[in-house]
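K.L.:
Each chain, letter by letter, is given below.
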Amino acid sequence: MTVGPDDQLRTSDGRVLPEDEVTWLPPPHGTVLALGLNYKDHARELDFKAPDEPLLFLKTPSSLTGHKQFSCRPDGVEMMHYEGELVVVVGRTASKISRSAAMDYVLGYTIANDYAVRDYLEDYYRPNLRVKCRDGLTPLGPCIVDKDEISDPQNLEIRTRVNGEIRQRGNTRDMVFDIPHLLEHVTSFMTLQPFDMISTGTPMGVSNVVSGDEVVVEIEGLGRLQNRIVSESEWRQRYE
Amino acid sequence: MLIGVALNFPSEISVLTAPPKTPVLFIKPENSITRHLAPVLHPDGVPAIQPGPSLAVVLGRRSRRVNRSEAFEHVKGYTLFNDFSLKETSTLRPPVRIKGFDSFGPLGPEVIPKERLPDPHDVTLTCRVNGELRHEGTTRDLIWKIPELLEFITSFMTLEKDDAIAIGVPPGRIDVVAGDSVTVQAGGLLELTNPIVSEREYRELARKRR
Chain E
651 MTVGPDDQLR TSDGRVLPED EVTWLPPPHG TVLALGLNYK DHARELDFKA
701 PDEPLLFLKT PSSLTGHKQF SCRPDGVEMM HYEGELVVVV GRTASKISRS
751 AAMDYVLGYT IANDYAVRDY LEDYYRPNLR VKCRDGLTPL GPCIVDKDEI
801 SDPQNLEIRT RVNGEIRQRG NTRDMVFDIP HLLEHVTSFM TLQPFDMIST
851 GTPMGVSNVV SGDEVVVEIE GLGRLQNRIV SESEWRQRYE
Chain F
55 MLIGVALNFP SEISVLTAPP KTPVLFIKPE NSITRHLAPV LHPDGVPAIQ
105 PGPSLAVVLG RRSRRVNRSE AFEHVKGYTL FNDFSLKETS TLRPPVRIKG
155 FDSFGPLGPE VIPKERLPDP HDVTLTCRVN GELRHEGTTR DLIWKIPELL
205 EFITSFMTLE KDDAIAIGVP PGRIDVVAGD SVTVQAGGLL ELTNPIVSER
255 EYRELARKRR
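Protein chains in written order, with our numbering: chain E, 651 to 890; chain F, 55 to 264.
Incorrect hints may appear among the rest.
As the list claims (entries may be wrong) - Cut-off 25 Å, straight-line C-alpha distance, at most; resulting in silico cross-link-like pairs (BS3-like, lysine-lysine): (1) F/K75 x F/K199; (2) F/K215 x F/K168; (3) E/K746 x F/K141; (4) E/K746 x F/K262; (5) F/K215 x F/K130; (6) F/K130 x F/K168.
Read the hints as simulated data drawn from the structure, not as lab findings.
Based on the sequences and whatever the hints tell you, model everything.
P.N.:
This is the structure in structure tokens:
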């Protein structure tokens with residue numbers, strides 16, 4: 651299956667699937683790690699100093715959802731924001747790899763929108779699971795783009811649009827810890843397997859989103875990851 | 055998937071100026087999960103690692119928005135978890151490295167059906183190192199008990215059949231090093247033993263297994 655322009659899906663025998671017959675799932679994934687405060691401008695925006703070592707947290711399988719799906723804004727919360735992020739996908743078993751060899755272990759890239767419901771933040775294991783690991787909270791996709799198609803992953807524009815308006819704009823060159831550094835750090839203690847992923851953090855420009863908003867994260871060369879925010883009752887109707 | 059609960063004993067939170075308002079949860083990643091008798095890595099460059107016995111509740115079905123009054127209908131049984139960790143100096147950030155090393159999560163040796171453990175909130179947890187009792191506690195003292203934990207966790211995320219929740223390690227963690235043999239027990243029902251090995255031995259054992 652290949653994905654063409656405008657999310658056109660072509661099967662291996664050449665058929666093109668009509669868009670309304672397709673439900674997008676997240677790409678195949680194993681362990682998914684994510685980064686907090688990995689852009690200096692975003693750390694500043696939240697009144698944090700950029701950390702001395704990567705601030706990692708783990709995503710749960712049920713928190714992930716696909717392109718063009720719906721994410722739930724819990725009733726009554728004050729602040730839920732998007733986080734457009736570049737995701738690195740691991741291509742082969744990686745343990746204790748060096749920064750210089752790290753890119754040999756990369757299969758490709760995709761996009762995440764690592765929404766956070768800030769009302770639930772507590773200063774224990776922050777960001778805690780109730781903020782980041784809610785069912786269907788985190789769009790991932792639309793698909794994995796082979797690394798050979800991206801000449802420099804540390805120079806990609808990230809833009810997040812809400813209802814068409816650009817609200818977040820950054821470039822992966824501004825990461826505090828770049829991809830080789832992150833792979834070296836994570837594999838210093840953890841063996842990564844094919845399709846394990848690291849979502850590399852979000853740049854400055856987060857803002858509140860509400861039920862009904864359409865949120866699209868676009869990264870140069872990786873496409874656009876589209877999602878709509880819905881209320882709890884609508885979300886349950888769709889997915890439960 | 056294995057979710058752990060931290061700071062679930064009164065003596066741990068009585069010293070905090072702002073105790074947590076909800077259960078403090080963490081995830082043990084897949085690479086950390088291992089089994090009875092498998093080697094546990096003592097990484098180079100750290101003086102010691104710390105085992106931590108916990109009873110683990112195993113889910114019997116897909117569970118979302120569970121009401122505490124019916125929590126046990128979702129439980130299949132219990133097993134034992136040894137939550138290995140580096141010495142934790144702060145609980146501000148998720149313990150991904152602290153608790154996420156390969157092999158830092160022995161689980162097992164089996165799941166006992168819930169009928170065999172009618173009161174999971176009265177279980178003695180022990181940790182023996184080379185046969186000597188070094189760490190002891192009881193699930194009687196847990197702050198958040200199984201019904202509250204299941205209700206809280208499933209209020210925002212769906213748990214699947216066979217997911218497990220390690221409900222808490224008693225305070226007073228001890229140090230162990232390569233060469234030690236660590237056995238944790240839950241009452242007289244479950245016993246989980248793992249040898250601690252150096253990086254070099256760990257790599258050699260992994261090579262032999264391949």
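K.L.:
Hints broken by the structure, by number, lowest first?
P.N.:
none
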